[in-house]
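Top line first, the protein sequences correspond to chains V and L.
Positions in the first sequence are counted from 1; adding 119 to them yields our numbering.
Positions in the second sequence are counted from 1; adding 2 to them yields our numbering.
Be a bit skeptical, because a hint or two may be false.
In silico DSSO-like links for lysine-lysine, alpha-carbon gap of 27 Å or less [as the list claims (entries may be wrong)]:
#1 V/K129 with L/K45
#2 L/K182 with V/K129
#3 V/K129 with L/K136
#4 V/K129 with L/K143
#5 V/K207 with V/K121
#6 L/K136 with V/K207
#7 V/K184 with V/K121
#8 L/K109 with L/K99
#9 V/K129 with L/K80
#10 L/K143 with V/K207
Rough simulated footprint, nothing fancy, chain V against chain L, three-plus residues with beta-carbon under 8 Å [what the hints assert, rightly or not]:
#11 38 to 45
#12 51 to 57
#13 132 to 143
Source of the hints: derived by calculation from the structure; they are not laboratory data.
Don't be surprised by glycine CBs; every beta carbon is placed ideally from N, CA and C.
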Amino acid sequence: MKIEMKKFGKMLISRPAGKEAFAAAKAYVLSGEAPAEIVLDFAGVDVLSPSWADEFISGLKEYYKTAKIVYLSTDNQSVKATLAILVKSS
Amino acid sequence: MKNFKENELLSWVRRPEVDAALDIDFQCSSRDSFQARLDNLFKETNDPLLVAVVGEIGNNSFDHNLGNWRDIPGVYFKHEGKERLLIIADRGQGVKKTLSRIIPEIKTDKEAVEIAFTRTISGRSPEQRGNGLKFVAAAVKDNDWELDFRSGNGLVSIRNGTMSFDQGDQAVYGCVALLKY
Numbered sequence: 120m121k122i123e124m125k126k127f128g129k130m131l132i133s134r135p136a137g138k139e140a141f142a143a144a145k146a147y148v149l150s151g152e153a154p155a156e157i158v159l160d161f162a163g164v165d166v167l168s169p170s171w172a173d174e175f176i177s178g179l180k181e182y183y184k185t186a187k188i189v190y191l192s193t194d195n196q197s198v199k200a201t202l203a204i205l206v207k208s209s
Numbered sequence: 003m004k005n006f007k008e009n010e011l012l013s014w015v016r017r018p019e020v021d022a023a024l025d026i027d028f029q030c031s032s033r034d035s036f037q038a039r040l041d042n043l044f045k046e047t048n049d050p051l052l053v054a055v056v057g058e059i060g061n062n063s064f065d066h067n068l069g070n071w072r073d074i075p076g077v078y079f080k081h082e083g084k085e086r087l088l089i090i091a092d093r094g095q096g097v098k099k100t101l102s103r104i105i106p107e108i109k110t111d112k113e114a115v116e117i118a119f120t121r122t123i124s125g126r127s128p129e130q131r132g133n134g135l136k137f138v139a140a141a142v143k144d145n146d147w148e149l150d151f152r153s154g155n156g157l158v159s160i161r162n163g164t165m166s167f168d169q170g171d172q173a174v175y176g177c178v179a180l181l182k183y
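Bound-form chain V, shown alone (with noise of 0.2 Å):
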């Protein structure tokens, strides 16, 4: 499963907006079965941070136990900065 992240919007901020966008992708993307991967797209976002980032990857963590989540970045230097420091303290 690939989950495009910037149909979440360009300027992934706040953490309330992160919570929004997860409860929106449980809503409407995810399915009710875990696959085995997910990979999160961040092409086309503009601004992540990771309060945002932490928001919905933990939501979907807990919502797909068994996935392994890929994360796909960019030469977006925010969104770089952010994987890094989710990869780090996870």
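Following the hints, complete the assembly by docking chain L onto the known chain V.
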């Protein structure tokens, strides 16, 4: 820092009580208005990492003080483009009071800001939080920006890729961040 009146800002955040915003034109009383200012900052700078850093600092204020502001709700946010300076300030509870709820043994503001900038821990435990200010510190160091962050008597300074902590003489009621990029 020619145009920016740092003394005026510090005077505002050092008063135990105020009854008005420092400048209503730059006060974001809701998260939505702060988000709108971040959209503008991105248009002005085209710097995604800078916007993410400012977003983390400002949204921290809303995350930890919503419904519990000292007096003036929200975040004072100003971009001095010519001086490449960003100012973010709130009149919230401050870092020590927020973190003391989960680490009651914190004794000083200096200790509180040091924990906030170096350990993955948050005042909203048990939720998985607490990466924001580590992210801020890493971005400032890696890009050779400069940051002064004050809360209570605690001061965090990042200069030339090095972070230091100090205890100041005059308390700040809430948090103030000056970011030079």
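Hints and how they fare:
no. : hint               : result
1   : V/K129 with L/K45  : holds, 12 Å
2   : L/K182 with V/K129 : holds, 25 Å
3   : V/K129 with L/K136 : holds, 23 Å
4   : V/K129 with L/K143 : holds, 26 Å
5   : V/K207 with V/K121 : holds, 23 Å
6   : L/K136 with V/K207 : holds, 11 Å
7   : V/K184 with V/K121 : holds, 17 Å
8   : L/K109 with L/K99  : holds, 10 Å
9   : V/K129 with L/K80  : holds, 22 Å
10  : L/K143 with V/K207 : holds, 17 Å
11  : 38 to 45           : holds (count 3)
12  : 51 to 57           : holds (count 4)
13  : 132 to 143         : holds (count 6)
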